[in-house]
Each structure stands twice: as structure tokens, then as C-alpha cells.
Amino acid sequence: MALINTIREKSGWAVGTVAIGMLLFIVGGDLIGGKNRLFGGNENVVGEVAGQKIELADFNNALEQAKQAYVQQQGRQPDEQAMGYLRDQAWNQTIYRIAFQKEFDKLGLTVSEDELTDMVQGRNIHPSIRQAFTDQKTGQFDRTKVITYLQNLDKQQPDAQAAWQNFEANLGPERMGQKYNNLLKLSTYVTTAEAKRFDEDQNTKASMRYLFVPYFSISDSVVKVTDEQLQAYLDKNKGRYKVEDGRSLEYVTIPVVASKEDSAAIRQTVGQLAAQFASAPNDSLFVNLNSDQKFNHAYVSPADMPEKLRQQLPLTVGQVYGPYAENGTTSLIKVTGQKAGTQLSARASHILIKPEGATPEAEAAALAKAKGILAKIKGGADFAGLARQFGTDGTVSSGGDLGWFQQGRMVPEFEKAIFGASATGLLPAPVKTSFGYHVI
17 MALINTIREK SGWAVGTVAI GMLLFIVGGD LIGGKNRLFG GNENVVGEVA GQKIELADFN
77 NALEQAKQAY VQQQGRQPDE QAMGYLRDQA WNQTIYRIAF QKEFDKLGLT VSEDELTDMV
137 QGRNIHPSIR QAFTDQKTGQ FDRTKVITYL QNLDKQQPDA QAAWQNFEAN LGPERMGQKY
197 NNLLKLSTYV TTAEAKRFDE DQNTKASMRY LFVPYFSISD SVVKVTDEQL QAYLDKNKGR
257 YKVEDGRSLE YVTIPVVASK EDSAAIRQTV GQLAAQFASA PNDSLFVNLN SDQKFNHAYV
317 SPADMPEKLR QQLPLTVGQV YGPYAENGTT SLIKVTGQKA GTQLSARASH ILIKPEGATP
377 EAEAAALAKA KGILAKIKGG ADFAGLARQF GTDGTVSSGG DLGWFQQGRM VPEFEKAIFG
437 ASATGLLPAP VKTSFGYHVI
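For the sequence shown, this note's numbering begins at 17 and goes up steadily by one.
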């Protein structure tokens with residue numbers, strides 16, 4: 017949950033960034049023509065639900081909210097696969113909002129202010145609130161901490177305020193959906209007779225004897241079938257031979273890809289914007305006038321930066337970085353400020369060896385295997401290759417790469433080894449945690 021980090025202000029050495037994102041490929045219009053958004057013209061419609069058109073800007077806003085929630089939950093920027101999931105999530109939420117709102121209105125479903133207050137600081141606390149404000153040592157939820165946090169919300173960082181506002185905005189629709197689903201579930205009733213009949217149908221058994229005579233065992237010359245017999249059979253079984261109406265279609269598939277001319281035009285436009293952005297006296301006004309995303313002055317840690325920007329560390333205040341092309345957008349990022357935080361960030365790769373059992377022998381075997389892998393790496397073997405071969409967790413496909421993360425994200429033993437290291441590189445010995453032995 018994003019609240020865990022924003023509420024506790026777990027922000028490390030951070031850099032304020034402003035992103036200018038521009039769509040490269042816009043379905044339904046020529047990129048360089050007069051109808052595209054990049055160079056002016058009409059708004060694009062990305063879909064239609066229940067007769068209501070969905071504008072590209074509205075969908076992008078939903079996608080950006082999903083992306084920000086992902087960054088604050090996972091502590092890293094979404095990769096291409098994750099962006100696919102986030103697009104599906106944003107689209108499904110849009111469909112849900114439009115399609116179901118009419119049903120909510122028909123049934124007169126509402127969520128009162130008292131209900132929302134009850135979900136945040138009452139008796140029926142929302143699971144995310146309960147998780148964020150539960151003492152890790154005692155396991156007890158502290159309602160007073162919630163109230164104190166809300167009273168001081170205006171003093172929090174802008175990104176923390178935005179995260180809370182986004183969470184709060186989704187409370188109502190979420191509760192509305194729960195009410196609707198409960199109505200559907202409670203309006204269905206199975207009688208005792210229906211349950212008994214279903215049980216009998218599932219468990220009744222019968223014994224039978226049959227004789228199988230395959231067609232191929234009878235010679236065609238033995239059986240004579242007349243035209244009259246065939247016609248009579250067809251007349252009797254017309255339903256078995258009914259042909260459904262069909263259509264023959266011809267269509268052209270046009271891949272939505274940028275031509276060389278499109279890419280050149282984008283580079284030229286973004287290059288001009290980069291020069292203007294660097295000298296712009298008002299960053300927020302410039303972004304709001306030229307970007308598909310609104311200005312968001314937030315401090316982010318290295319763990320939350322795009323990978324291409326992170327490779328430029330240390331960054332310089334006032335400098336514009338980019339353009340960076342990723343996931344169909346081109347971004348310019350201007351560093352508007354920096355500050356020191358209390359949380360460190362690190363990037364690590366590991367090979368996890370899990371004991372095959374809870375016996376001392378299994379533990380010893382796992383440790384010996386981890387030491388053997390460590391020796392191979394010290395001898396020049398490829399770490400990522402061995403991670404794919406021997407790893408036992410979800411990082412196998414990425415060669416053991418855990419990405420960037422802040423303190424507080426990993427188990428204590430793992431973090432102690434990572435943040436206690438004096439330099440980058442291979443740790444000299446396997447690290448034991450509750451998951452097993454890690455070669456890091």
C-alpha cells in the first residue's frame with residue numbers, strides 16, 4: 017500500500033522531477049496530420065462504453081494514477097509488462113465506472129460521508145488504512161495515528177497529499193461496488209429441494225452393459241442405402257444439419273507504428289521543447305501548457321526514478337534530462353530541487369536457495385549449494401546465468417535482479433547485508449533469512 021511509505025515519509029535522497037510525456041502513436045489519426053493532439057486539433061476518443069465516449073486525456077489520467085500507485089507500492093517504475101497490466105487496470109476501472117454507475121443510480125445506491133469517515137477512522141476501518149497504521153511490533157491498529165496524520169495532512173509532502181487524495185477518491189466507488197455485489201449475492205437463494213437434486217445428480221451412479229460395433233468393421237458392400245432412405249433421414253434430422261448464416265470478410269490490418277518521418281518530427285519537437293524548458297521561468301506553467309501530464313512537483317528517491325534517469329546520477333538542479341522514449345511516450349525531465357532524506361536506496365541481485373525441508377541436513381545442504389554457487393561466481397561465472405539456473409523465486413527470469421528499493425522493503429537480515437556493504441559487488445558469503453540462503 018502506498019500509504020505505508022507516504023504516511024511515514026520514507027523518502028531517501030530525492031530529486032524533484034517534472035515529466036513532459038507525449039504520445040508517439042495515436043490510434044485514429046495521422047500523427048503528423050491536423051487531427052492529432054500533439055500538433056493541435058480535436059481530442060482523441062479511445063473507446064466508447066454504454067454510449068459514452070472515453071477521451072484520451074481521461075484515460076491517461078486514470079493510467080497515471082495507476083502508475084503512481086504502482087511506484088509507491090513497489091518502489092520502482094513499472095516495466096513494459098507491468099505497464100500492460102496497468103493499462104488494462106485503468107481501462108477496466110473506466111468501464112466499471114461508466115457501466116455500473118447507471119445501475120447504482122437505478123438502485124439508489126449511495127455512500128454517505130458518515131460511511132467514508134467510518135472507513136477511515138471509525139469502527140469499520142478500510143484494510144489499507146488498518147495495514148498502514150498498525151504497529152509493526154505490537155500488531156495493534158492505532159486510530160489516533162490516523163487522526164493525527166489527517167490533521168497534519170496539509171504539512172505533508174505534495175506527493176503524500178496526492179497519494180492520500182487519490183486513495184480517498186476511490187473509497188466511495190469501492191464501497192459502492194461492494195454494496196452492489198452484496199445485493200447480487202444475497203438476491204440468489206438455493207432451495208433445499210434444488211440442493212438435494214443437485215447432490216443426487218452429482219452422485220447417482222448406474223451400471224450398464226453395451227456392445228460397440230465400429231462402422232469400419234462392416235463392409236460397405238453389405239449395406240445398401242437408397243436415395244429415399246437418405247432423404248427420409250435428412251427430413252427427420254434437419255436440425256442436425258442446419259448451416260448457420262455466414263459472412264465472407266476482407267480486411268486490412270494497419271500496424272500502429274511510427275514512420276521515420278514521424279520519429280524525426282517528434283525528435284525535432286521535443287528538442288525544441290527541451291531548450292525552452294531549460295530556460296522557462298515558470299516550470300509548472302510550461303508543463304501544463306505543453307505536456308499530456310499535469311505538473312507534479314514531487315520528490316522521488318532513486319528507487320522511484322526511471323532507469324534511464326537513474327543512470328545519470330548524480331543529477332544537477334536546473335538541468336533538463338532526456339528525451340527518454342519508453343512505453344509509447346517521450347519524456348523530458350527537469351530537476352527542480354533536491355534534498356537529503358532519512359532512507360537509503362539500493363539495487364541488488366540475488367540467487368535464493370531454499371532448504372528442501374526443515375531438518376538440519378536440509379539447511380546444511382542448502383548452505384553448501386549456496387557456497388558452491390558463490391565460488392563459481394568468484395571464479396568468473398555469470399551471476400545472471402546462475403540465477404536463472406539455480407534461483408528459486410520470482411526473480412529467476414530477470415537473472416536475480418530485485419531492482420531498486422528503499423530501506424524497510426526487505427527482511428532485516430537481507431537489508432543489513434545490503435546497506436551494510438562498503439562497496440558494490442559480490443558479498444563474500446551467503447546471507448541467511450527466513451526464506452533461505454541468498455547469494456547477493
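Take these hints with a grain of salt, some might be off.
[Stated by the list, open to error] List time: in silico DSS-like cross-link candidates among lysine-lysine, alpha-carbon distance up to 30 Å:
1) Lys-310 - Lys-385
2) Lys-448 - Lys-432
3) Lys-254 - Lys-276
4) Lys-392 - Lys-448
5) Lys-355 - Lys-370
6) Lys-276 - Lys-258
7) Lys-448 - Lys-153
8) Lys-69 - Lys-195
9) Lys-212 - Lys-240
10) Lys-201 - Lys-212
11) Lys-324 - Lys-370
12) Lys-394 - Lys-448
13) Lys-171 - Lys-122
14) Lys-212 - Lys-122
15) Lys-432 - Lys-394
16) Lys-171 - Lys-153
17) Lys-310 - Lys-83
18) Lys-394 - Lys-355
19) Lys-392 - Lys-355
20) Lys-171 - Lys-370
21) Lys-83 - Lys-118
22) Lys-83 - Lys-212
23) Lys-221 - Lys-240
24) Lys-161 - Lys-83
25) Lys-212 - Lys-118
26) Lys-448 - Lys-355
27) Lys-195 - Lys-83
28) Lys-385 - Lys-355
29) Lys-118 - Lys-240
30) Lys-161 - Lys-195
31) Lys-161 - Lys-355
32) Lys-432 - Lys-324
33) Lys-310 - Lys-153
34) Lys-69 - Lys-83
35) Lys-432 - Lys-387
36) Lys-258 - Lys-83
37) Lys-370 - Lys-432
38) Lys-254 - Lys-221
39) Lys-310 - Lys-355
40) Lys-195 - Lys-221
Quick caveat, the hints were computed from the structure, so don't treat them as lab data.
Computed from a predicted model, the values in this text were never measured in an experiment.
We went through each hint and held it up to the structure:
no., hint, result
1, Lys-310 - Lys-385, "violated, 52 Å"
2, Lys-448 - Lys-432, "holds, 11 Å"
3, Lys-254 - Lys-276, "violated, 59 Å"
4, Lys-392 - Lys-448, "holds, 19 Å"
5, Lys-355 - Lys-370, "violated, 40 Å"
6, Lys-276 - Lys-258, "violated, 52 Å"
7, Lys-448 - Lys-153, "holds, 22 Å"
8, Lys-69 - Lys-195, "holds, 27 Å"
9, Lys-212 - Lys-240, "violated, 50 Å"
10, Lys-201 - Lys-212, "holds, 21 Å"
11, Lys-324 - Lys-370, "violated, 34 Å"
12, Lys-394 - Lys-448, "holds, 19 Å"
13, Lys-171 - Lys-122, "violated, 41 Å"
14, Lys-212 - Lys-122, "violated, 36 Å"
15, Lys-432 - Lys-394, "holds, 22 Å"
16, Lys-171 - Lys-153, "holds, 27 Å"
17, Lys-310 - Lys-83, "holds, 14 Å"
18, Lys-394 - Lys-355, "violated, 38 Å"
19, Lys-392 - Lys-355, "violated, 41 Å"
20, Lys-171 - Lys-370, "violated, 45 Å"
21, Lys-83 - Lys-118, "holds, 27 Å"
22, Lys-83 - Lys-212, "violated, 49 Å"
23, Lys-221 - Lys-240, "violated, 40 Å"
24, Lys-161 - Lys-83, "holds, 27 Å"
25, Lys-212 - Lys-118, "violated, 38 Å"
26, Lys-448 - Lys-355, "violated, 35 Å"
27, Lys-195 - Lys-83, "holds, 27 Å"
28, Lys-385 - Lys-355, "violated, 43 Å"
29, Lys-118 - Lys-240, "violated, 65 Å"
30, Lys-161 - Lys-195, "holds, 28 Å"
31, Lys-161 - Lys-355, "holds, 26 Å"
32, Lys-432 - Lys-324, "holds, 28 Å"
33, Lys-310 - Lys-153, "violated, 40 Å"
34, Lys-69 - Lys-83, "holds, 23 Å"
35, Lys-432 - Lys-387, "holds, 19 Å"
36, Lys-258 - Lys-83, "violated, 51 Å"
37, Lys-370 - Lys-432, "holds, 20 Å"
38, Lys-254 - Lys-221, "violated, 34 Å"
39, Lys-310 - Lys-355, "holds, 23 Å"
40, Lys-195 - Lys-221, "violated, 42 Å"
In summary, the numbered hints that this structure violates are 1, 3, 5, 6, 9, 11, 13, 14, 18, 19, 20, 22, 23, 25, 26, 28, 29, 33, 36, 38 and 40.
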